[in-house]
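> Produce the complete structure using the sequences and hints provided.
Read top to bottom, the protein sequences are chains A and B. Here UniProt numbering is used: the first residue of the first sequence is 1, the next is one more, and so on. Here UniProt numbering is used: the first residue of the second sequence is 1, the next is one more, and so on.
What the hints contain is simulated information worked out from the structure, not anything from laboratory work. All of these numbers come straight from a predicted model, not from anything done at the bench. Treat each hint with caution, since some may be false.
Some residues of chain A that are not near chain B, with every Cβ distance over 12 Å (derived) [to be verified]: (1) Val-27; (2) Ile-136; (3) Ala-215.
Okay, the calculated bits of chain A under chain B, using three or more residues with CB under 8 Å as the criterion [said to hold, decoys possible]: (4) 53-66; (5) 94-104; (6) 186-200.
Derived Cβ-Cβ restraints for the label pairs, each shown as a range [unchecked claim]: (7) A:Leu-250 <-> B:Arg-412: 26 to 32 Å; (8) A:Leu-20 <-> B:Val-230: 48 to 54 Å; (9) B:Pro-15 <-> A:Leu-20: 26 to 32 Å; (10) A:Leu-49 <-> B:Ala-328: 23 to 29 Å; (11) A:Ala-24 <-> B:Ala-328: 38 to 44 Å; (12) B:Lys-169 <-> A:Leu-250: 36 to 42 Å; (13) B:Arg-407 <-> A:Gly-118: 47 to 53 Å; (14) B:Ala-328 <-> A:His-76: 46 to 52 Å; (15) B:Val-230 <-> A:Gly-118: 51 to 57 Å; (16) A:Arg-252 <-> B:Ala-328: 52 to 58 Å; (17) A:Phe-97 <-> B:Lys-87: 47 to 53 Å; (18) B:Pro-15 <-> A:Leu-250: 40 to 46 Å; (19) A:Ala-246 <-> B:Glu-25: 49 to 55 Å; (20) B:Arg-412 <-> A:Leu-80: 49 to 55 Å.
Built from N, CA and C at the ideal position, the CB exists for glycine as well.
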Amino acid sequence: MSGGIWTRETVAMLLLACFLPMGASWVWYGGHLSVAFLVLMIVYGWQLLFLLARAQAPSLSGVITAFAVAMLAPEHIGPLRLALGVSFGVVMGELVFGGWGRNVVNPATVSLAFLGFGFPSFEWPAFDVPVAWAAIPAVALGCGLGVMSAGLALGASFVAIGASLLGALDGSVVIAAAIAFVLLVADPATAATTRFGAWAQGGLFVALLTLFHQAWTGAAPVQMAVAASLLTSLAVPLLDEATLAAWVALRRRRHGRT
Amino acid sequence: MGFWERTAGLVPRFPGPPELSEVPEITTEEAVVRAPSGPPLRVRVLVSEGDTVARGQAVATLQDAPGIQLVAPISGMVAHVRLLPGKKLSEIVLFRAGDAVTKHDTASAADASGLRRLMMASGFWPRLRQRPFGGMPAETEVPVAILVTGSDTRPGAPNAKRALEGRTKSLQRGLAALSQLTEGKVFFCTTDADLPDDLGKAPCQVILHGVRHPQGSAGILCHRHCPAGVGSPVWDVRAEDVADLGELLDTGVLPQMRLIRISGEGLLHGQSLRTHLGADIRQLTRRLVAPGPVETFSGGLLDGRRASWLGIPDRQVAVVPAQSRTTARHWLVDALVHMPRPVPIIPTAALTQALGAALPAAPLVRALGAGDEEGAQRLGLLSLLEEDLALADYALGEKGQIMAQVRCLLDRIHKENVE
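Below is the structure:
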């Protein structure tokens, strides 16, 4: 009869609102808006092509992807390499699956992984502390509005606190982890959809990051965060499926059927 | 019940005018007899146009289950009998006249089989609804549990306590009767506020739930406490109907009146009133409706169907302004808005709460969208009907798509497993 507001585009708008403090502090502390604009053009160029070729609705989530790639991409990589990486990530990571909401891995994560593996000689960015601080209101807003999973944030926080207390994580890694968590891991379309799955995903992200920090010699914090995001995203379907299997088994034991 | 369970759900708010305080009892000048929801039923019509019928008199019987009868909700004259091809019932319209009442013999209702016969002959049977698949139960079906819903958490629902005011004894009698029909439990589900006084002696297990929708939804309650499955059906019935059953057993006459609530943006005033099944919604809303074109729905603001007559399970009538025709848009805007494939859903807390945090909402909605029968069954689809996902449909702005997907999958599973 009538419709509510929680459509795909509402969620994208709310996520953008959550990212605003982080974006503003990134620009304030020397972020390159021209890179963000270039990435935005490439993302929406592909979205337009898929709109015309496959009648696939474009989404505001493209702005989030552009923002994440612009913030986390290797520095001075050049427009051509950047275009190649973003095109790969957006097309192969999102659009071929049917757009945002049907994708398995965050397109920004795929783009950044492609750029990292394809052009390893370029330096990964380093962030000022206030940019990472802005991740806190982003997560708080996201969880409060229900567009980010609170379990995901809590799972990551608990493991991060434990690892920090043990001295396995240092400040620069935590800064990169906070930013990558907000921009890449907390994407509701690709995050775990079950309660335990979300806790496990958050914990796995920080656990992988800790492992990389201890064992990956010479890797930059952002590089480690991107790699951890990619591996965590790939593990999400397994975590969800395991949670659902346990849930079904519990119900079968209690009720004899599901 | 823990804090998280009690506070699960949403409180959707719809604009509407203030409600009149009086609760009149209205018998409309016209009424209709229709088959309950589900596939069209093949019937043998027992009356012809022009016949006079008493309230509660059988007007049609099912061809495949002759014991199950459809009865007249008011006394009057048969105006029209409309059948679809294959002798499937469309509607039997009655004009009100007189106040004759049909009385049933309740002497044989002491045992389960006699009670079943009485419930079928008196027209009570269509008020029962079975899960999985929906619709009324088969003649010989024995449920594994019966859910009695004593509270309605849907927005715009009538006051459940008022509906049962002064009827505790009838309710107890009805609950006792229902307990004869199942080998399992009878669950009486309600909120703290709507719990009738002195229900202690009734042979049922009381389940208290929160006030947020869809906690009072029969599907969510069924999923939580007694999941339905193929071969293990669960029935659900409204507490007001159970009180009617108790009264039928006491007096031999099945009451046809029920408390309903008329609400919606298309009204000058909302109103709660007592009326009968199959009541003429146009007459009920005539003095309440605001000037201008409106649409009337039988059922709630979330899951109502456009209708002119009050449906068998419905306790709500929604009146909303008719949507004006949209003007032609630019082709690019149309291309951006109208896609051949539905836009995917994004899992959020709103979706989880729209299913009462009772089951994995996002995997279920994704399974429905993908037409994954096995996945959806595994996640509890067989306990649910379209109306249980109406809030999720509304919250996600899907405009009926999720409800249609539920019906499509249930029909497919029914065809594969039962037919």
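> Against each hint, give a clear statement of whether it holds in the structure.
Hint by hint, here is what the structure shows:
Listed as a non-interface residue, Val-27 of chain A keeps its Cβ farther than 12 Å from every Cβ of chain B; the least gap is roughly 27 Å. Chain B leaves Ile-136 of chain A outside its interface by the beta-carbon criterion, the shortest separation being 19 Å against a cut-off of 12 Å. Even its closest Cβ contact with chain B, about 33 Å, leaves Ala-215 of chain A beyond 12 Å, as expected for a residue assigned away from the interface. Counting residues of the region 53-66 of chain A whose C-beta sits closer than 8 Å to any C-beta of chain B gives 4, which meets the bar of three, so the coverage hint holds.
Counting residues of the region 94-104 of chain A whose CB lies closer than 8 Å to any CB of chain B gives 5, so the stated coverage by that chain holds, three being the minimum. Requiring three or more residues with a Cβ within less than 8 Å of a Cβ of chain B, the coverage given for the region 186-200 of chain A holds, as 5 such residues are present. Remark: the range hint 26 to 32 Å for Leu-250 of chain A to Arg-412 of chain B is upheld by a beta-carbon distance near 27 Å. Roughly 51 Å separates the CB atoms of Leu-20 of chain A and Val-230 of chain B, a value that falls within the hinted 48 to 54 Å.
Between Pro-15 of chain B and Leu-20 of chain A, the C-beta spacing of about 31 Å keeps the proposed range 26 to 32 Å intact. For Leu-49 of chain A and Ala-328 of chain B, the Cβ-Cβ distance of about 27 Å falls inside the hinted range of 23 to 29 Å, so the restraint holds. The hinted range of 38 to 44 Å is satisfied by Ala-24 of chain A and Ala-328 of chain B, whose Cβ atoms lie roughly 41 Å apart. At about 40 Å, the beta-carbon gap between Lys-169 of chain B and Leu-250 of chain A stays in the expected band of 36 to 42 Å.
For the pair Arg-407 of chain B and Gly-118 of chain A, the supplied restraint of 47 to 53 Å holds, since their beta-carbon distance comes to about 48 Å. Here the CB-CB span from Ala-328 of chain B to His-76 of chain A is close to 50 Å, well matched to the stated 46 to 52 Å. Our hint of 51 to 57 Å for Val-230 of chain B and Gly-118 of chain A holds, since their Cβ atoms are close to 52 Å apart. Distance hint check for Arg-252 of chain A and Ala-328 of chain B: the Cβ-Cβ separation is about 55 Å, which falls inside the suggested range of 52 to 58 Å.
Between Phe-97 of chain A and Lys-87 of chain B the beta carbons are some 49 Å apart, a value that agrees with the proposed interval 47 to 53 Å. Distance hint check: the CB atoms of Pro-15 of chain B and Leu-250 of chain A are about 42 Å apart, consistent with the given range 40 to 46 Å. Distance hint check for Ala-246 of chain A and Glu-25 of chain B: the Cβ-Cβ separation is about 53 Å, which falls inside the suggested range of 49 to 55 Å. Under the hint 49 to 55 Å, the C-beta atoms of Arg-412 of chain B and Leu-80 of chain A, about 51 Å apart, fit the expected range.
Of the numbered hints given earlier, the model fails none.
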